[in-house]
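Chains as they are written, first to last, in my numbering: chain A, 1 to 114; chain B, 1 to 115.
Some hints here could point you the wrong way.
Stated by the list, open to error - Quick list of the computed label-pair ranges, beta carbon to beta carbon: (1) Ile46(B) <-> His10(A): 14 to 22 angstroms; (2) Ala16(B) <-> Ile55(A): 40 to 48 angstroms; (3) Gln57(B) <-> Ile55(A): 25 to 33 angstroms.
Calculated from the structure, these hints are not laboratory results.
Ideal Cβ placement from N, Cα and C applies to all residues, glycine included.
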Amino acid sequence: DAGVIQSPRHEVTEMGQEVTLRCKPISGHDYLFWYRQTMMRGLELLIYFNNNVPIDDSGMPEDRFSAKMPNASFSTLKIQPSEPRDSAVYFCASSLQLYNQPQHFGDGTRLSIL
Amino acid sequence: AQTVTQSQPEMSVQEAETVTLSCTYDTSESDYYLFWYKQPPSRQMILVIRQEAYKQQNATENRFSVNFQKAAKSFSLKISDSQLGDAAMYFCAYRVSQGAQKLVFGQGTRLTINP
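Input sequences plus hints: build the corresponding full structure.
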């Protein structure tokens, strides 16, 4: 079975540019999560969706970050304009709505803002 | 707010030996889940083992087992017969059973396996 698919795997861009990260969750999963991993802050939740609806976006650092889930099989995380401090690994994860189901992670996108 | 603490930034063990990674957490909830995830250099986040707080029996998955002490809010991971492929960052994570689905992660422990 296909796992969570993220693209691109690596992204290098210059400060000020728009960055779009993409995620395809596991088919049938009801929840989708976006996490960010940095050396300083570790792994932290940015936002999560339930049945395509954003539930908690309190982790989104500022207005430059936005996330959408137009359908059950696709989500994007956008940064506009990007800054060097946004450099991190961004993970997407998905899970079933059943109470004891774990989250399954994608391979992450390593983002470098120059 | 819930917090997860891993007090060992780095650990090392000889191949075939046993190692225990520590994790403590703070919560006022009575029903929750605890997880250990492994992150090898390939960057994947791989679920190793999970524990439901209402279960007294410690979870076991092959060479991996946990020591869950609910009163002490402690959740350690024991790896038996360590293998070179076990080298990775290990993250302890917490999630409430109802409501918010987000995982709260510890800072991680880097495990090195010495041949």
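Consistency of the hints with the structure:
The given range of 14 to 22 angstroms is respected by Ile46(B) and His10(A), whose C-beta atoms sit roughly 20 angstroms from each other. Taking 40 to 48 angstroms as the suggested C-beta distance range, the pair Ala16(B) and Ile55(A) conforms, at roughly 45 angstroms. For the hinted restraint 25 to 33 angstroms between Gln57(B) and Ile55(A), the CB-CB distance of approximately 32 angstroms keeps it satisfied.
Hint check: no violations occur; every hint is consistent with the structure.
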